[in-house]
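Chemist: Model the full structure from these sequences, guided by the hints.
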Amino acid sequence: MAKTYKDLREFLQTLEEEGQLVRVAGPVNPEPDLGAIGRAAADIKNGPAVLVENIRGYRYSMVTNVHGSWKNHALMLGMDKDATVKEQFEELNRRWDKFPVTPKVVSREEAPCKQNTITEDINLFELLPLYRINEQDGGFFLSKASVVTGDPEFPDDFNKLNVGTYRIQVKDKDRVGIQALAFHDIAVQLEKAERENKPLPIAITLGNTPLVTFMASTPVGYNQNEYEFVGALQDGVPTEIVKADTCDHLWVPAGAEVVIEGYIIPRHRVVEGPFGEFPGSYSGARLQCEIQITRITHRDNPIFENLYLGVPWTEIDYLMALNTSVPLYKQLKESMPEVVAVNAMYTHGMGVIISTKVRYGGYGKGVAFRLLSTPHGMPYSKIVIIVDEFVDPFNLEQVMWALTTRVKPDKDVSLIENCPGMPLDPSSFPAGMHTKMIIDATTPVAPEPNPRETQLLEKPVGSEAWDAVLRDLLKKGN
Amino acid sequence: MICPRCDSDKIKVMVKSPVGDEWEVYVCEKCWFSWRSTETINVLPKFRLDDEKIRNMQMIPPIPPLGK
Ligand SMILES: [Zn+2]
Numbered sequence: 001m002a003k004t005y006k007d008l009r010e011f012l013q014t015l016e017e018e019g020q021l022v023r024v025a026g027p028v029n030p031e032p033d034l035g036a037i038g039r040a041a042a043d044i045k046n047g048p049a050v051l052v053e054n055i056r057g058y059r060y061s062m063v064t065n066v067h068g069s070w071k072n073h074a075l076m077l078g079m080d081k082d083a084t085v086k087e088q089f090e091e092l093n094r095r096w097d098k099f100p101v102t103p104k105v106v107s108r109e110e111a112p113c114k115q116n117t118i119t120e121d122i123n124l125f126e127l128l129p130l131y132r133i134n135e136q137d138g139g140f141f142l143s144k145a146s147v148v149t150g151d152p153e154f155p156d157d158f159n160k161l162n163v164g165t166y167r168i169q170v171k172d173k174d175r176v177g178i179q180a181l182a183f184h185d186i187a188v189q190l191e192k193a194e195r196e197n198k199p200l201p202i203a204i205t206l207g208n209t210p211l212v213t214f215m216a217s218t219p220v221g222y223n224q225n226e227y228e229f230v231g232a233l234q235d236g237v238p239t240e241i242v243k244a245d246t247c248d249h250l251w252v253p254a255g256a257e258v259v260i261e262g263y264i265i266p267r268h269r270v271v272e273g274p275f276g277e278f279p280g281s282y283s284g285a286r287l288q289c290e291i292q293i294t295r296i297t298h299r300d301n302p303i304f305e306n307l308y309l310g311v312p313w314t315e316i317d318y319l320m321a322l323n324t325s326v327p328l329y330k331q332l333k334e335s336m337p338e339v340v341a342v343n344a345m346y347t348h349g350m351g352v353i354i355s356t357k358v359r360y361g362g363y364g365k366g367v368a369f370r371l372l373s374t375p376h377g378m379p380y381s382k383i384v385i386i387v388d389e390f391v392d393p394f395n396l397e398q399v400m401w402a403l404t405t406r407v408k409p410d411k412d413v414s415l416i417e418n419c420p421g422m423p424l425d426p427s428s429f430p431a432g433m434h435t436k437m438i439i440d441a442t443t444p445v446a447p448e449p450n451p452r453e454t455q456l457l458e459k460p461v462g463s464e465a466w467d468a469v470l471r472d473l474l475k476k477g478n
Numbered sequence: 001m002i003c004p005r006c007d008s009d010k011i012k013v014m015v016k017s018p019v020g021d022e023w024e025v026y027v028c029e030k031c032w033f034s035w036r037s038t039e040t041i042n043v044l045p046k047f048r049l050d051d052e053k054i055r056n057m058q059m060i061p062p063i064p065p066l067g068k
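Protein sequence lines, in the order shown, are assigned to chains A and B. Residue numbers for the first sequence follow UniProt numbering, beginning at 1 and rising by one. Residue numbers for the second sequence follow UniProt numbering, beginning at 1 and rising by one.
Worth flagging that the hints you see were computed from the coordinates, not collected in a lab. All C-beta atoms in this analysis are idealised placements derived from N, C-alpha and C, irrespective of residue type, glycine included. It is possible that part of the hints are untrue.
Stated by the list, open to error - Selected chain A positions facing chain B (Cβ under 10 Å, derived; list incomplete):
| # | residue |
| --- | --- |
| 1 | N29 |
| 2 | R59 |
| 3 | N123 |
| 4 | Y131 |
| 5 | G139 |
| 6 | G177 |
| 7 | E196 |
| 8 | V271 |
| 9 | C289 |
Said to hold, decoys possible - So these bits of chain A aren't anywhere near chain B, every CB distance computed over 10 Å:
| # | residue |
| --- | --- |
| 10 | E31 |
| 11 | G57 |
| 12 | Q136 |
| 13 | F158 |
| 14 | Q224 |
| 15 | V399 |
| 16 | P449 |
| 17 | R452 |
| 18 | W466 |
Claimed, not checked - In silico BS3-like cross-links for lysine-lysine, where the CA-CA straight-line distance does not exceed 30 Å:
| # | chain 1 | residue 1 | chain 2 | residue 2 |
| --- | --- | --- | --- | --- |
| 19 | A | K173 | B | K12 |
| 20 | A | K198 | B | K16 |
| 21 | A | K192 | B | K68 |
| 22 | A | K173 | B | K53 |
| 23 | B | K30 | A | K173 |
| 24 | A | K173 | B | K10 |
| 25 | B | K10 | A | K192 |
Modeler: Written out as structure tokens, the structure is:
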């Protein structure tokens, strides 16, 4: 059984033991140091998580870049820290099929996140060392919260409980803005509440066990509960949850560092942003929702977990790499068993590479159509590259080979105008609409004519045996 | 004091540093820009706001009609 973590603290301990966490004793300034630390950690190959122990003017510590390298990502899964990306993809695929694993409900007394309760004079700054992440951001942001909301129409339906990551701007000591994009699950619930002019109860959880954060940013179906996925990804070990204090149908991770409870103020929008986003540019200011905070519970000495995001790759790109690829792969595989692997690691799935067997002529384009009608692929995916089953989509050298030797641009490149898009993509215009580009880099299969039939080279006989011999010689230092 | 983004004078102190007398955070009650007293703020011209820009801003998500 792979190693699992009950809370963020257990994971940080493992990172430290594996040489993947460093401590900055400080004191450091909130600006520009905390943002700069996140940027610097991401710029280091196999960069560590960084725990900043002393920040000027604040009481508690802050940790960043927790998910920000492939080594940390492997350790999150309880794998060897040197596991390759493809190995991690395959392990996630295996565990994914254990869904659903019912979470373990613990009592309020057993839940560390309930150690302290604040209901009066709420002040986020007392607990969280808030800071500006990028210079032109409109304020201080929570970039790594797992946000819990229910469906107002079916409050008791646990499947419809949503755990998602949304950017949150601090507007006051007890009030924050939230970005609820129209195509995300929370917007479905908000619309139901706003039609009735009712507040939408919400719990913002910070500093969770790494797989809760991982699932919160995973595009699964509306009727799929993220906590049941966490148990699956823990290889069958249930994750622990506890009921929120202010709402009977909201459940929060028992081991969270901080739980902020409140409600989205209905039919209310004010200026939010700008905010430096994962495409590497600022997304402009827009009129967005606000949350009134009514209660906070937290652990003793809470650690503020937040991430830096900016020009890729940063922590968020590691976090969103495989948790975007795996569900897309599963969704495609359900109806198209020919699909071999999906690489949606680039800019949160705006670029996707799919490897597939081609069942009949034109099948590659059909696979692209399927991707472009999945919950995530429809708005996000703009450039779709389809390669043969023998091309590893995680190996860009192989993908470039497929592009250069399998693409006849006049028939294999298709542009489809006026499609759903992703507003944070700075090339989408109007924001939220774009043209799709499909590149079919597969070998033509009948009835598509292939006038230039080519013969793939085979490895010379004995290559594999020689591979082992040469590796052995290398090890001996010859 | 005026807001470095929209020039409004509706500024309030959001919070003082919880430990020591290190800094204060201010917020503009017109455009909700916030900043710390220890920061050097330079809002780029493209991110500056006025009444017209705020009025014409995109709303995310749109507010649905009220139910019957
Ligand atoms: Zn202002």
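Chemist: So, as I understand it, the hint says N29 of chain A touches chain B; can you test that by seeing if any CB pair is closer than 10 Å?
Modeler: holds, 7 Å
Chemist: If we take the beta carbon of V399 of chain A, is the closest beta carbon in chain B still more than 10 Å away?
Modeler: Fine: 34 Å to the nearest Cβ keeps V399 of chain A off the interface.
Chemist: Holds or violated: is the Cβ of P449 of chain A farther than 10 Å from all Cβ atoms of chain B?
Modeler: holds, 48 Å
Chemist: Is R452 of chain A truly not at the interface, in the sense that its beta carbon sits beyond 10 Å from all beta carbons of chain B?
Modeler: holds, 49 Å
Chemist: Less than 10 Å between beta-carbons is the criterion; does G177 of chain A satisfy it with respect to chain B?
Modeler: holds, 7 Å
Chemist: Keeping to a limit of 30 Å between CA atoms, is the pair of K198 of chain A and K16 of chain B held or broken?
Modeler: Judged against 30 Å, a Cα distance of about 33 Å means the pair is violated.
Chemist: Is the shortest C-beta separation between G139 of chain A and chain B less than 10 Å?
Modeler: holds, 4 Å
Chemist: May I ask you to check that Q136 of chain A keeps its beta-carbon over 10 Å from the closest beta-carbon of chain B?
Modeler: violated, 6 Å
Chemist: Hold the hint about E196 of chain A up to the distance rule: shortest CB distance to chain B must be less than 10 Å.
Modeler: Since chain B brings a Cβ to about 6 Å from E196 of chain A, closer than 10 Å, the hint holds.
Chemist: Holds or violated: is the Cβ of C289 of chain A closer than 10 Å to a Cβ in chain B?
Modeler: holds, 8 Å
Chemist: Next pair to validate is K30 of chain B with K173 of chain A; report whether the Cα-Cα distance is within 30 Å.
Modeler: Holds, at roughly 17 Å.
Chemist: Could you check that no beta carbon of chain B comes within 10 Å of the beta carbon of F158 of chain A?
Modeler: holds, 25 Å
Consistency note: the structure conflicts with the earlier hints numbered 10, 11, 12, 20 and 25.
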